[in-house]
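Engineer: One letter stands for each residue in the lines below.
Number of protein chains: 2
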Amino acid sequence: MEYTARQIEIINAATELINQGGIQQLTTKALAEKMGFSEPAIYRHFKNKTDILSSVLNYFGMGLKTKMTELIQSEDKGIEKLKQIIDFQFEHFSNHPAIVMVIFAETSFQYEEKLSSAVHNILTNKKERVVSIIQQGQQDGSIRSDVDPNQLASVFMGSMRFTILQWRLNNYSNDLRKEGVMLRQVIEKLLRGI
Amino acid sequence: MEYTARQIEIINAATELINQGGIQQLTTKALAEKMGFSEPAIYRHFKNKTDILSSVLNYFGMGLKTKMTELIQSEDKGIEKLKQIIDFQFEHFSNHPAIVMVIFAETSFQYEEKLSSAVHNILTNKKERVVSIIQQGQQDGSIRSDVDPNQLASVFMGSMRFTILQWRLNNYSNDLRKEGVMLRQVIEKLLRGI
DNA sequence: TACATTAGTTAGTATTCACTAACAAAGGTA
DNA sequence: TACCTTTGTTAGTGAATACTAACTAATGTA
Numbered sequence: 001m002e003y004t005a006r007q008i009e010i011i012n013a014a015t016e017l018i019n020q021g022g023i024q025q026l027t028t029k030a031l032a033e034k035m036g037f038s039e040p041a042i043y044r045h046f047k048n049k050t051d052i053l054s055s056v057l058n059y060f061g062m063g064l065k066t067k068m069t070e071l072i073q074s075e076d077k078g079i080e081k082l083k084q085i086i087d088f089q090f091e092h093f094s095n096h097p098a099i100v101m102v103i104f105a106e107t108s109f110q111y112e113e114k115l116s117s118a119v120h121n122i123l124t125n126k127k128e129r130v131v132s133i134i135q136q137g138q139q140d141g142s143i144r145s146d147v148d149p150n151q152l153a154s155v156f157m158g159s160m161r162f163t164i165l166q167w168r169l170n171n172y173s174n175d176l177r178k179e180g181v182m183l184r185q186v187i188e189k190l191l192r193g194i
Numbered sequence: 001m002e003y004t005a006r007q008i009e010i011i012n013a014a015t016e017l018i019n020q021g022g023i024q025q026l027t028t029k030a031l032a033e034k035m036g037f038s039e040p041a042i043y044r045h046f047k048n049k050t051d052i053l054s055s056v057l058n059y060f061g062m063g064l065k066t067k068m069t070e071l072i073q074s075e076d077k078g079i080e081k082l083k084q085i086i087d088f089q090f091e092h093f094s095n096h097p098a099i100v101m102v103i104f105a106e107t108s109f110q111y112e113e114k115l116s117s118a119v120h121n122i123l124t125n126k127k128e129r130v131v132s133i134i135q136q137g138q139q140d141g142s143i144r145s146d147v148d149p150n151q152l153a154s155v156f157m158g159s160m161r162f163t164i165l166q167w168r169l170n171n172y173s174n175d176l177r178k179e180g181v182m183l184r185q186v187i188e189k190l191l192r193g194i
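Protein chains in written order, with the working numbering: chain X, 1 to 194; chain Z, 1 to 194.
Keep in mind that the hints were calculated from the coordinates and are not lab data. Errors might be hidden in some of the hints.
As the list claims (entries may be wrong) - According to the in silico footprint, chain Z covers these stretches of chain X (three or more CB under 8 angstroms from chain Z):
1) 22–31
2) 104–116
Stated by the list, open to error - Between beta-carbon pairs, the in silico distance windows are:
3) Thr66(Z) - Tyr172(X): 53 to 63 angstroms
4) Lys67(Z) - Tyr111(X): 43 to 53 angstroms
5) Tyr172(X) - Thr4(Z): 48 to 58 angstroms
6) Asn48(X) - Arg192(Z): 48 to 58 angstroms
7) Lys189(Z) - Gln139(X): 43 to 53 angstroms
8) Ile8(Z) - Gln139(X): 25 to 35 angstroms
9) Glu91(X) - Ser38(Z): 49 to 59 angstroms
10) Gln73(X) - Asp175(Z): 43 to 53 angstroms
11) Arg44(Z) - Arg192(X): 52 to 62 angstroms
12) Gly141(Z) - Glu91(X): 15 to 25 angstroms
13) Glu188(Z) - Lys47(X): 25 to 35 angstroms
14) Glu2(X) - Lys65(Z): 22 to 32 angstroms
15) Tyr172(X) - Glu2(Z): 13 to 23 angstroms
16) Thr124(Z) - Asp146(X): 49 to 59 angstroms
Unchecked claim - Capping the alpha-carbon separation at 16 angstroms, the derived lysine to aspartate or glutamate pairs in EDC-like fashion look like this:
17) Lys178(Z) - Glu39(X)
18) Lys189(Z) - Glu39(X)
19) Lys189(Z) - Asp76(X)
20) Lys189(X) - Glu2(Z)
21) Lys67(X) - Asp51(X)
Model, not experiment: these values are computed from the prediction. For each residue, glycine too, the CB sits at the ideal point set by N, CA and C.
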């Protein structure tokens, strides 16, 4: 589960390629070109193409997990943690727009067992953590408790994803951080406990 | 903008293939096999592969537009219309799961100008209509007016999409109609005007 | 009947793809 | 010094892909 420096370079190059034009753009030729070496050199670092793709997903999932764990362990109220997730995610995507495409490519990975389950795990894991934060918020009174936490998590994550998708489809032209601030206020109004 | 019966057959076959394994699964060979004729026969009905894909998107977009127009013209209150959109969409996806993949493949189409703009148009058009319904709801008092209608539309559409995505990633195993009923209740609670 | 159009066929092509075989240079270590 | 490992190279391969050329059978129409 650990990657060499060279592997991480390749993972980043692959992520950028996916961002530029979907997974179809991720060919061994393009990847080698981006890395500045020949095609066969790729196979010194990864077994095959599926191995590269699953590493891209896994590497991204690891980073996300670490951050979410940090957040959960803090002393803040539930609603505060949700707002911090929005800030973190939107800031992160602003700085690394390439990753966005990887996340939204979830359905493209479907044809490969190994990849689709990787995507599924990332999403499920994140949702579980959001649900537990919402439950905590319902107990500390910062989040309304008249709605099922699982449903609220879908609303929360769906809103975030949709906002990011719009930004992506608009070719990153608007300021995602501002969108984040606005979304944070809306989520607060809609989920705030009485 | 009108399609022959044979073209619609091909559009449906293509949609199913995309559903089964993403756009990568949509090859001329697979499409011909599914249609029960030879590969070159495809080119009697479509100019090229991009033409097929943009027809798939366009055909889907047309159906969606028609339904949304009907909804908007009714006499119901804003919140009622939103609930009807959920019912319609979830029922529709339950009956035609193949289409789900096409919608969520938006990022895969990005590398082709013609296709990415088609996707963008479908989404933008739908969102505009949702925004106008929400504005109406804020005026007739059925939807809270302390939140920007554009933001509420993102929450609404994002929640729907996320619920459908989860259903998809779970291999359609849960009952989407039930999910729709639950989502409808949540949306009502969160958006309801005072 | 003569002819044109439509919608299919078989055969084939250039290109691209992921991946392999075999070799080479550099560095670490016995 | 001798040798092994690591990380790259060049050259090439079989399979798949989108698409074309040329032909044909059926159907509608002048």
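Engineer: Starting from the hint list further up, note which numbers the structure goes against and sort them upward.
Structural biologist: The structure breaks hints 3, 4, 5, 7, 8, 10, 12, 13, 14, 15, 16, 17, 18, 19, 20 and 21; every other hint is satisfied.
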